[in-house]
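From first to last, the protein sequence lines stand for chains W and B. Sequential numbering from 25 applies to the first sequence in the numbering used here. Sequential numbering from 16 applies to the second sequence in the numbering used here.
Warning: the hint list may mix true and false statements.
A short, non-exhaustive set of chain B residues, derived as facing chain W with CB atoms under 7 Å [to be verified]: (1) V26; (2) I28; (3) L34; (4) L56; (5) F59; (6) P108.
Here are the computed distance ranges between Cβ atoms for each label pair [as the list claims (entries may be wrong)]: (7) S125(B) - A282(W): 42 to 52 Å; (8) L44(W) - E62(B): 27 to 37 Å; (9) V100(B) - R332(W): 48 to 58 Å.
Everything labelled a hint here was simulated from the structure, so no lab data went into it. In this text the structure is predicted, and so the values were computed from the model without any measurement. Cβ coordinates follow ideal geometry from the N, Cα and C atoms, glycine included.
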Amino acid sequence: MWSVAALALWRRLPELAARLSGTLRVVLRDGDYLLSWPVVAALAPPLALLLGLLLGAVHPGPVFSSSLAVVLVLAAVAGTGAALGCLALVGYAVGDLALHRHAGVGHPYGASVVDTLLRTDAAALDTYLVLAGLVVVAPLVATAVRQRGQRLVRPGTTRLAIGFVLAAVVQALLAYLWGQAAAYLIRPVWSFWNAAPDAGPIGILQHDGGWIALVTVLAVAGRGALTLLAQRHPASPASPPHLRFRMPRRWPWPVPVALRAAVFTLLLSGLTGTAPGAAVVFALLVGLGALRYRVVPALESYVRVVDRVPLVLRVLACCLVAYLLAVVVVRPAVSRGTTSFLPVLVAVLPPLLLAAFLFPARFPDGAGGAR
Amino acid sequence: MSGVNVGLAVVAIVLAVVLWEVFAAFAAQVATEAAVAGAALDAFELEFSEPAASHAATRPFVASRLLIQEIMDAAEPVTDPQGAVNTVRWDVPGTFNGNAGTWELAVNTSQKIIYHVDFVR
Numbered sequence: 025m026w027s028v029a030a031l032a033l034w035r036r037l038p039e040l041a042a043r044l045s046g047t048l049r050v051v052l053r054d055g056d057y058l059l060s061w062p063v064v065a066a067l068a069p070p071l072a073l074l075l076g077l078l079l080g081a082v083h084p085g086p087v088f089s090s091s092l093a094v095v096l097v098l099a100a101v102a103g104t105g106a107a108l109g110c111l112a113l114v115g116y117a118v119g120d121l122a123l124h125r126h127a128g129v130g131h132p133y134g135a136s137v138v139d140t141l142l143r144t145d146a147a148a149l150d151t152y153l154v155l156a157g158l159v160v161v162a163p164l165v166a167t168a169v170r171q172r173g174q175r176l177v178r179p180g181t182t183r184l185a186i187g188f189v190l191a192a193v194v195q196a197l198l199a200y201l202w203g204q205a206a207a208y209l210i211r212p213v214w215s216f217w218n219a220a221p222d223a224g225p226i227g228i229l230q231h232d233g234g235w236i237a238l239v240t241v242l243a244v245a246g247r248g249a250l251t252l253l254a255q256r257h258p259a260s261p262a263s264p265p266h267l268r269f270r271m272p273r274r275w276p277w278p279v280p281v282a283l284r285a286a287v288f289t290l291l292l293s294g295l296t297g298t299a300p301g302a303a304v305v306f307a308l309l310v311g312l313g314a315l316r317y318r319v320v321p322a323l324e325s326y327v328r329v330v331d332r333v334p335l336v337l338r339v340l341a342c343c344l345v346a347y348l349l350a351v352v353v354v355r356p357a358v359s360r361g362t363t364s365f366l367p368v369l370v371a372v373l374p375p376l377l378l379a380a381f382l383f384p385a386r387f388p389d390g391a392g393g394a395r
Numbered sequence: 016m017s018g019v020n021v022g023l024a025v026v027a028i029v030l031a032v033v034l035w036e037v038f039a040a041f042a043a044q045v046a047t048e049a050a051v052a053g054a055a056l057d058a059f060e061l062e063f064s065e066p067a068a069s070h071a072a073t074r075p076f077v078a079s080r081l082l083i084q085e086i087m088d089a090a091e092p093v094t095d096p097q098g099a100v101n102t103v104r105w106d107v108p109g110t111f112n113g114n115a116g117t118w119e120l121a122v123n124t125s126q127k128i129i130y131h132v133d134f135v136r
């Protein structure tokens, strides 16, 4: 019975999710080393969902970072894999939206339904997107880097150990940087209601990043130990073998471009401040998306060259440009005592332009030819 | 805004957006980690031959390491029927987007090169 439940959760559910997104399938399978212990594999997903639900329902303040403990628990779950992190995120969102006793900012007395939808709920959605960076994106990127990197070492325990050291470093670094970014990206919780941000939740993200990174390292180390143990308890292959695979329908390119632009506009809305500012950012992001999906892929010889450059190096190139722009544009503005986030936005957009050229979207949704 | 951390914050914000943007490309590089008895090959040790890679546009599943690993984990391979040296082949029944057929994979195990991957209805 446990085996059936475990396979349903770690095999059938991801295949069903693949109808929506090939990437979601991979997310929901990141952590399937647990299949070596069917009872654990069957219980862990619902427990992660329940844990998220509980945290969403009882966390103090208006946002997850009002409590360092909540962030650390979610970081620990993310250390075990993107699948459990994703389920904890879904649970958290449901608990926060449906069960949390909201009061104060975002919930003024007599607010209209439209105001609540566009200001409170949109800001909440933004915080879930931000949280997904910690519990879904970071673990999956760390897994990808580890699996790619560890192949340089001969198979065996040493390979696994080196791989998980690499994964722990990558995921902890991402978790630390996530804290720095999240401090800016969760501002809509207050700014959508023209309120001053609460220093508590933002300070936790900015100043306690070391704790988030430490918990992440410990959780990834735990995952490494479990993966090593799992190799000593291999499951038998299905008999007779039957392999299901599904790729989602490809939408016309304007659809993913518009959707991504909308999502990133929401994600960056803590920096834009006003609705006209957000509209300008949306238009710019649509332009960058058109470049990435239509213009750059047409440069076939260029794409062949850029595809040879490892994905991680290209991401680092964008980060380097971002850092240089921060030094040239943002620091002087901060020194002049500006309180506007416009310089930050100005520094963020050029690296995204570079990204459009470094990551041509030839095969959307998980089938990219990137190295 | 703190002047000390502002560079780090801008890098972190760019990283947050860029990683979402290329998340699918990272996801395509992730293979299953379920330990399966008898599985000897790791999808990440394999490279594509030029002919196999050239089918990526018409066979987008080619880029999924998850799929390659699952084909190899699903059954024992047989010696390549066409007689290619050091080459084994998997023919695994299954479905692609709901259509029944066979997953085919041919790998040179000494050079660790994928010669062929396809789904045949």
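Tested hints:
Hint status for V26(B) relative to chain W: holds, with the closest Cβ pair at about 5 Å, below 7 Å. Against a cut-off of 7 Å between C-beta atoms, the interface hint on I28(B) holds, since the closest Cβ of chain W lies about 5 Å away. Because the beta carbon of L34(B) sits about 5 Å from the nearest beta carbon in chain W, less than 7 Å, this interface hint is met. Annotation: interface hint on L56(B) violated; nearest CB of chain W at approximately 10 Å, more than 7 Å.
Hint status for F59(B): holds, given a least beta-carbon distance of 4 Å to chain W, under 7 Å. For the restraint placing P108(B) at the interface with chain W, the shortest Cβ-Cβ distance is roughly 6 Å, inside the 7 Å limit, so the hint holds. Between S125(B) and A282(W) the beta carbon distance is about 48 Å. The supplied range of 42 to 52 Å therefore holds. A hinted range of 27 to 37 Å for the beta carbons of L44(W) and E62(B) is consistent with their spacing of about 31 Å.
Distance hint check: the CB atoms of V100(B) and R332(W) are about 28 Å apart, inconsistent with the given range 48 to 58 Å.
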